[in-house]
Structures are given as structure tokens and as C-alpha cells.
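Heads up: the sequence lines are chains S and F, in that order. With the first letter of the first sequence counted as 1, position 93 gets the number 93 in the numbering used here; the numbers rise by one all the way through. With the first letter of the second sequence counted as 1, position 204 gets the number 204 in the numbering used here; the numbers rise by one all the way through.
One thing to keep in mind: the hints can contain errors.
In silico SDA-like pairs for lysine to any residue, Cα to Cα no more than 25 Å straight-line [unchecked claim]:
(1) K155(F) x L85(S)
(2) K155(F) x G168(S)
(3) K235(F) x V264(F)
The hints are simulated quantities; they were obtained by calculation from the structure and are not laboratory data.
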Amino acid sequence: MNAQMPPPLLTVRDLTRTYGSRIGCAEVSFDLYHGEVLGIVGESGSGKSTLLSCLAGHLPPDSGRVVWDGTTDVLALPEAARRRLMRTEWAFVHQNPRDGLRMGVTAGGNVGERLMGAGARHFGQIRAQATDWLERVEIDPDRIDDRPRAFSGGMQQRLQIARNLVTGPRLVFMDEPTGGLDVSVQARLLDLLRGLVRRMGLSVIIVTHDLAVVRLLADRLMVMKSGRVVEQGLTDQVLDDPQHAYTQLLVSSVLQV
Amino acid sequence: MTDAAFNFAYLDEQTKRMLRRAILKAVAVPGYQVPFASREMPMPYGWGTGGVQVTAACLVPEDVLKVIDQGADDTTNAVSIRKFFVKTAGVAVTEATADASIIQTRHRIPEHPLTEGQILVFQVPIPEPLRFLEPRETETRKMHELEEYGLMHVKLYEDIARHGAIATSYAYPVRVEGRYVMDPSPIPKFDNPKLDGNPALMLFGAGREQRIYALPPYTRAISLDFEDHPFRPTKADHACSLCGSATSYLDEVITDDRGGRMFVCSDTDFCRSRREAAE
Numbered sequence: 001m002n003a004q005m006p007p008p009l010l011t012v013r014d015l016t017r018t019y020g021s022r023i024g025c026a027e028v029s030f031d032l033y034h035g036e037v038l039g040i041v042g043e044s045g046s047g048k049s050t051l052l053s054c055l056a057g058h059l060p061p062d063s064g065r066v067v068w069d070g071t072t073d074v075l076a077l078p079e080a081a082r083r084r085l086m087r088t089e090w091a092f093v094h095q096n097p098r099d100g101l102r103m104g105v106t107a108g109g110n111v112g113e114r115l116m117g118a119g120a121r122h123f124g125q126i127r128a129q130a131t132d133w134l135e136r137v138e139i140d141p142d143r144i145d146d147r148p149r150a151f152s153g154g155m156q157q158r159l160q161i162a163r164n165l166v167t168g169p170r171l172v173f174m175d176e177p178t179g180g181l182d183v184s185v186q187a188r189l190l191d192l193l194r195g196l197v198r199r200m201g202l203s204v205i206i207v208t209h210d211l212a213v214v215r216l217l218a219d220r221l222m223v224m225k226s227g228r229v230v231e232q233g234l235t236d237q238v239l240d241d242p243q244h245a246y247t248q249l250l251v252s253s254v255l256q257v
Numbered sequence: 001m002t003d004a005a006f007n008f009a010y011l012d013e014q015t016k017r018m019l020r021r022a023i024l025k026a027v028a029v030p031g032y033q034v035p036f037a038s039r040e041m042p043m044p045y046g047w048g049t050g051g052v053q054v055t056a057a058c059l060v061p062e063d064v065l066k067v068i069d070q071g072a073d074d075t076t077n078a079v080s081i082r083k084f085f086v087k088t089a090g091v092a093v094t095e096a097t098a099d100a101s102i103i104q105t106r107h108r109i110p111e112h113p114l115t116e117g118q119i120l121v122f123q124v125p126i127p128e129p130l131r132f133l134e135p136r137e138t139e140t141r142k143m144h145e146l147e148e149y150g151l152m153h154v155k156l157y158e159d160i161a162r163h164g165a166i167a168t169s170y171a172y173p174v175r176v177e178g179r180y181v182m183d184p185s186p187i188p189k190f191d192n193p194k195l196d197g198n199p200a201l202m203l204f205g206a207g208r209e210q211r212i213y214a215l216p217p218y219t220r221a222i223s224l225d226f227e228d229h230p231f232r233p234t235k236a237d238h239a240c241s242l243c244g245s246a247t248s249y250l251d252e253v254i255t256d257d258r259g260g261r262m263f264v265c266s267d268t269d270f271c272r273s274r275r276e277a278a279e
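Chain S with its partners taken away, still in its complex shape (with noise of 0.2 Å):
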């Protein structure tokens, strides 16, 4: 064993977000590593995406701290410094890839809205770079200049996948990435996520309801109910040998074909 662990990637401890009296998550603590995807699964309602949202700055925690990268408290960090953080270094695929998407936006334009607001100024090289990464979520590369409306779910949300990984971000949340689509487009996808995640060595978060997303793509997972983790461990521990009670009963609820 290496003595000299690196840093976790992201540090998460106690935190907190109440809407009035009701809880929305409850003293959630982690450590998430680089390269290391983490699953939260749960029932609606159990704070999944507050958590999320909590995490990825779309709503502000009430207490607890976000340390990115060992030195960064994410919270403290002025705004402008957040933003430029979410869009270089970090990336969030919605559930619906029209909350991600520019729907009035060409293919090609709404992937390379990342690089140039990253600054690129060269037009060959954002189409060339956005044509790569149509292919890479086999997107057929003539399709540059169709518009979102124009492609079916499964691909919208590929699309939307392209678009956050174009700039290589190091942390990526997802968001029921799955939701919504047929089970075979949802193996596609899976397939693609799982490629594209351990050949960009990415640390991903990924929120989901559906035990077959997290026993393919993650490493550990943690299970939440009424805003709190009730347990967490690798994934196979869990899921296999699930130790508290709601785990259990979620684990005997999948129903089996």
C-alpha cells in the first residue's frame, strides 16, 4: 500500500440542507477520490438531488463544508472563481438533456460553447474538436449542424454528454443520466458512460434510482432515505450483503426478469 495517499478529489463533511423545518439532506460526509465514481441511490424524496445540487453549487448548503482538490473550500469561493470552476474543471449532466442543452443551438455549437467560453477563438478548431466528440458518443459527425430538436432522447443525451466532456473536466455529476430513456438505449448509453469514464480517468457523482446504473458504473455507493446516509461501502459489498434495513428492502424490491 502506498504510504502517500494523494488527496481526496473532492472532500464533502456535515452537510446540510433544510427547506424550513423539513430536512432536504442531513450531515452528509465523504471523500471522493480521483478516478473513483460514486453512486447515491434512494427512493424520491430522499434527498438525492438537493445533495446534488448542494454539491454542484446550484443550491447553497445551510452548513457543512466542500473541499475541492485538498486546499479549495468551495463554498468560500467567490463567485466568479465558482462559476469558472464549474464550467473548466467540473461538469453536470441533467436528466433531461433539455436543462442541459441549448435546444435553439446547433450539434457542433452547443458542444463548443464549453471551449469558447474557455476562451478558444479558432473556428476550424471548435468545429474539429466538436466533430471528434460527436464521434466519440457516436454521433454521426454529418448531424454537425442539426439542431437538438432534431435528434431522438437517447441521442440528446449523448449529445449533452459530449458537450460537458469537451473541455476534459475532472469531476463530472450526473444526474438520473439514464432517466427517461428504453432499456436498450439505456445499455448504449451505459456502455459509452462506463468507457468514457475509465479512459478519462473521470471521478464521477451519479445520482439514480436504479440499481443496475450503479452496480455497472460505480465503485461505491452510498444509500440515502429521509436526507441522511444510512450506509455506504463498494458497490458490491452493498449491494450484495446490504446491511441496513432500507437497503435491504431495496435491494429485494428490483424486480427480477
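Fit chain F to the known structure of chain S by using the hints.
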């Protein structure tokens, strides 16, 4: 003689004071859109209510006023605004660019070079250059605040992807002093180079949107572009049929219903003075 029923230049002194404060702030922060309490004017929105208020706030009795609409001194918009200030302020008016101390304009910068001491007032319909890409005002303000202007290039990218070249030909965005991205009102991009380092003071007034912004004299205003698709000012590839100028911006005039057309200078004062000089 000023009509006694009006204060000088129509607006009351407190309103002019409010406008001048907004103008001073706009001059101090070039390219930044300063909110102001726009008044109802005796003309409809879209007719230059913002420009009229800025002009009214700048006018003094010694001023010589010129009003142009698409470069022309004799179109409805120009004539009625000029008459408005003759009636309410009693100032002298002119059609000669060089003689004017204040020029209110819609959609053009005069061909005759402007000089120090002149004020050019633009009528602006939509002051926000990011508006059609990002409809939320809260978000566009944040983008200006944090200098997040990548989206502006997405628009230009889309132009090239669809048309093979930057097809935006008017309201072409400029970056002011390396800071704010500004919509120079719907002037043709042919006029954009005149914004950069111009010795005149340029004021922009948007009445309905309640914004004033400014380019002080000798301010850098660079048109946005791509390294491999540089900014190019464009005009119709003709010479003026009346005065023969090959360098001025042209209007295309349909002359009959059998495809007949002619190209004439959009700046009527420029065209007339060239024809008079040639005689």
C-alpha cells in the same frame, strides 16, 4: 421661439438631472448598461424615445442639432424628432454633419468623420447583446458581471456553421476596452470600425428597456470574431448611382416592378455635399 407650455427640451429639470447622472455613470464605465427611469415621451416606443431623452438631457440653447434615420435627414422619424426639438427647445438645426454639435441617429454613423466635441446619440431598441441567446435578465447581468462572454461566440459560430461566414450584418457586438460586450444598436457592421477610437462622444439610449450606455471619445471597441474568420465590414458591391462614391454605405432602392434597382448613399448629407462639390 420656444413654446411656453414646455420646459426647455420638453423634459423637466429633475428628469434631465436624473438622465445626466445616468449618462455620467455610463461614460465612466464604457459599455456598461446603466438603468434609468425612462419617461413616457409624446411618441411611440420604437421611434427613438431613449435617444430623444438622452438628446434632451444633453441639449443646451447654443447647440446645433442634426437628426438622421438610416442615414437620411428627410425621413419621417428624423423630420418629426427634429421638429420636436425645434418646437420644445428652439435650437438651431442642420443637415451638415460637420456643423452639428449633437447628432441623434437611428441605425447609422455619418460618413463624414466626427470630431472632438460632437455628441452622437443612438436610438437603441434592444441594448442587451446576449438577449436572443439568454432570455433571463438575471443571467445576462451575471454574465456581464463575470465577463462570461463565450455565448456571444456561439452566435458567431452558428452563423459560420449555417452560412459559411459570419452572416450577422447589423447590431454586430463589440468588446469595449477589453471589458464589456456591447450592442452598438442596429448600425450596419460597415460602421463598426468607426466606433473604435472615435473622437466624438457616443451615447446610446434605450427608452423601452430603460438603459443608457456610452462610448467616450477615443475608446477601444473591437468587433468580435474568430481567428480564422476575422471581422469584415461589408457593403453592397456598387458605387453610388448619384454621387459615384465607392466607399460609402449604400441603400438598395427598387425603382420599378420589373427588377429595376439602384444603389444610393444611405447618408443623404454626404451624397448631396459630394454632388454639390462636383458641380
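Cross-check of the supplied hints:
1. K155(F) x L85(S): holds (24 Å)
2. K155(F) x G168(S): At roughly 23 Å apart (the allowed maximum being 25 Å), G168(S) and K155(F) satisfy the hint.
3. K235(F) x V264(F): holds (12 Å)
Taken one by one, the earlier hints all hold for this structure without exception.
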